[in-house]
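Going by our numbering, the sequence shown opens with residue 238, and the numbers climb by one from there.
Some clues are possibly wrong.
[As the list claims (entries may be wrong)] Distance windows between CB atoms, simulated: (1) D383 to S732: 44 to 54 Å; (2) K698 to K407: 50 to 60 Å; (3) M599 to E400: 29 to 39 Å; (4) K698 to R333: 33 to 43 Å; (5) S746 to E400: 46 to 56 Å; (6) T319 to D383: 35 to 45 Å; (7) L682 to Q607: 21 to 31 Å; (8) E400 to G633: 25 to 35 Å; (9) G578 to L682: 16 to 26 Å; (10) M599 to S432: 35 to 45 Å; (11) E491 to A690: 13 to 23 Å; (12) D596 to K698: 28 to 38 Å.
[Said to hold, decoys possible] Below, in silico cross-link-like pairs of lysine-lysine (DSS-like), each with a Cα-Cα straight-line distance of 27 Å or less: (13) K281 to K347; (14) K692 to K712; (15) K296 to K733; (16) K681 to K692; (17) K725 to K256; (18) K681 to K407; (19) K725 to K372; (20) K270 to K317; (21) K681 to K691; (22) K256 to K719; (23) K296 to K336; (24) K296 to K725; (25) K719 to K698; (26) K692 to K270; (27) K347 to K725; (28) K721 to K296; (29) K691 to K347; (30) K317 to K692; (31) K698 to K712; (32) K296 to K270.
Hints are computed from structural coordinates only; laboratory data are not their basis. None of the values given here were measured: they were computed from a predicted structure. Every residue gets a Cβ at the ideal spot worked out from N, C-alpha and C, and that includes glycine.
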Amino acid sequence: PQVSPQDYQNVPIDIQTGKLLDWLVDRRHCNLKWQSQVLAIREKINAAIQDMPENEEIKQLLAGAYLHYFHCLRIVEILKGTEASTKNLFGRYSSRRMKDWQEIVSLYEKENTYLAELASLLVRSISYEIPSLRKQISRCQQAQQDFARREEECQLGAAELRERFFASCKQYGITGDNVRQELLALVKDLPSLLSEIGAGASALSEAIELYQACVEFVCESSAEVVVPLLRHVGKRGNTTVYEWRTGLQPLRVERPEVEEVPEQPKEDTIDWGDFTLEPTRVGDGAAADGGARGEEIDWGITLEPGPQQDDGIDWGDGESEEVQITVLEAGTEVPEGVACGSDALTLLENTETRSQFIDELMELELFLSQRLVEMEEEADVVAVSQFQLAPATLQGQTSARVGSLLAATRGLLGQLCTRSMQHLFMILASPRYVDRVSELLRQKLKQAELLLAKKEMMSQKQQEALAEQGALEPKLDRLLEKTKDLQKLIEADVSKRYSGRPVNLMGVSL
238 PQVSPQDYQN VPIDIQTGKL LDWLVDRRHC NLKWQSQVLA IREKINAAIQ
288 DMPENEEIKQ LLAGAYLHYF HCLRIVEILK GTEASTKNLF GRYSSRRMKD
338 WQEIVSLYEK ENTYLAELAS LLVRSISYEI PSLRKQISRC QQAQQDFARR
388 EEECQLGAAE LRERFFASCK QYGITGDNVR QELLALVKDL PSLLSEIGAG
438 ASALSEAIEL YQACVEFVCE SSAEVVVPLL RHVGKRGNTT VYEWRTGLQP
488 LRVERPEVEE VPEQPKEDTI DWGDFTLEPT RVGDGAAADG GARGEEIDWG
538 ITLEPGPQQD DGIDWGDGES EEVQITVLEA GTEVPEGVAC GSDALTLLEN
588 TETRSQFIDE LMELELFLSQ RLVEMEEEAD VVAVSQFQLA PATLQGQTSA
638 RVGSLLAATR GLLGQLCTRS MQHLFMILAS PRYVDRVSEL LRQKLKQAEL
688 LLAKKEMMSQ KQQEALAEQG ALEPKLDRLL EKTKDLQKLI EADVSKRYSG
738 RPVNLMGVSL
């Protein structure tokens, strides 16, 4: 059907924004070389804004990012008021300002250069500037999320390291306020702890006699004494190694000196010493050689001439000299009754005797546990008949009594084999172990502090990203507003060229 002029007037013109410039050039609205014309206009605008009247609205227009054709029209309207005194009888202005801006407007209107410039501004805003700002804001938001996540990870990591630090301190039996001093204090208390353990061994005398009776009954021999060290500690306590070895109490105990390890400085410093460097005077070659010969090093060795054989070597096999070798009996330099060196240590301080003590405790524990199992399972006639000839010590025991003896043995063994006691023994054997343990624990705290510092840095970066986002969002809002204004101006201008038909710029998603 044929479209009437009225209906045709209402048919919209849809233009793809990305091809707006090509559309204007193809339809002869703008010249193909509009860019060179815009460059000339921009030079004139830059020259004209150097001399402007005092006006608040003009200041706001000049403060904008870019002056285009419609801004220039508004400046001309304002100048008509400020430059009214320069208007002559013919309606023209003698003011240089007015002439400059009127010339700029006329250059813009020539070949519709202003329309091509507006289309270029619109395409640049939609295709590049707005997406770029949105991408920057998106990056800021993503950075905030990442920094918040990493901040939480640092917080959790620092808390975990501190928990591990305090758990390790608990294993060592210290609070962790001053690791080195607390460990050294525990070592000082170690002799009293070992004395208590030695005193606790006296409660195992009944278990030892039970073990001895069982061995004598089963092996039919009383020559071997079971757990001798444990029996000795149970009777005499945690004595010195000398008393255990000789059976006599020492008249004097000379304990070995404990190596005092100084606390390591917090900062690694190197002592280079004091060296006095004197310049060497170098003369001629002969003088230098003579000086080198003269300044010889005294090594403290004196060569004396002596009788030599024909070949000049004294082999020391002359018949006139007799070689005497004196053999000193071991231990003669130590007075009798004096415990020194390793003999001065207690049985539980000495590594060898302590290991033997623990081995005998474990041996006794295994016997009692096996005997308890046998007593609980003695239901058949054969098992009962085996112990009919056993001594009263074996037959008179009940499973409850053996269970209590087993619990006492395990309790004493548990006191010696705790984690903190093992570390104390290692410190006792090597004082430098204190520094190694202190450094290991201090490293956990240092790592926790580093994570907390990193957490603060992540929080600061998160605030910086938030501040950057806060600065970009107003820019985006202003750019969107200007883009909408450009879109309306272009649509209205193109619509006037087509008798008021509605114009739609497609692809503008703001």
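Do the hints match the structure? See the list:
no., hint, result
1, D383 to S732: 44 to 54 Å, "48 Å, holds"
2, K698 to K407: 50 to 60 Å, "36 Å, violated"
3, M599 to E400: 29 to 39 Å, "34 Å, holds"
4, K698 to R333: 33 to 43 Å, "54 Å, violated"
5, S746 to E400: 46 to 56 Å, "52 Å, holds"
6, T319 to D383: 35 to 45 Å, "55 Å, violated"
7, L682 to Q607: 21 to 31 Å, "47 Å, violated"
8, E400 to G633: 25 to 35 Å, "52 Å, violated"
9, G578 to L682: 16 to 26 Å, "39 Å, violated"
10, M599 to S432: 35 to 45 Å, "22 Å, violated"
11, E491 to A690: 13 to 23 Å, "52 Å, violated"
12, D596 to K698: 28 to 38 Å, "60 Å, violated"
13, K281 to K347, "15 Å, holds"
14, K692 to K712, "31 Å, violated"
15, K296 to K733, "31 Å, violated"
16, K681 to K692, "16 Å, holds"
17, K725 to K256, "17 Å, holds"
18, K681 to K407, "14 Å, holds"
19, K725 to K372, "26 Å, holds"
20, K270 to K317, "32 Å, violated"
21, K681 to K691, "15 Å, holds"
22, K256 to K719, "20 Å, holds"
23, K296 to K336, "19 Å, holds"
24, K296 to K725, "24 Å, holds"
25, K719 to K698, "32 Å, violated"
26, K692 to K270, "57 Å, violated"
27, K347 to K725, "21 Å, holds"
28, K721 to K296, "22 Å, holds"
29, K691 to K347, "62 Å, violated"
30, K317 to K692, "62 Å, violated"
31, K698 to K712, "21 Å, holds"
32, K296 to K270, "32 Å, violated"
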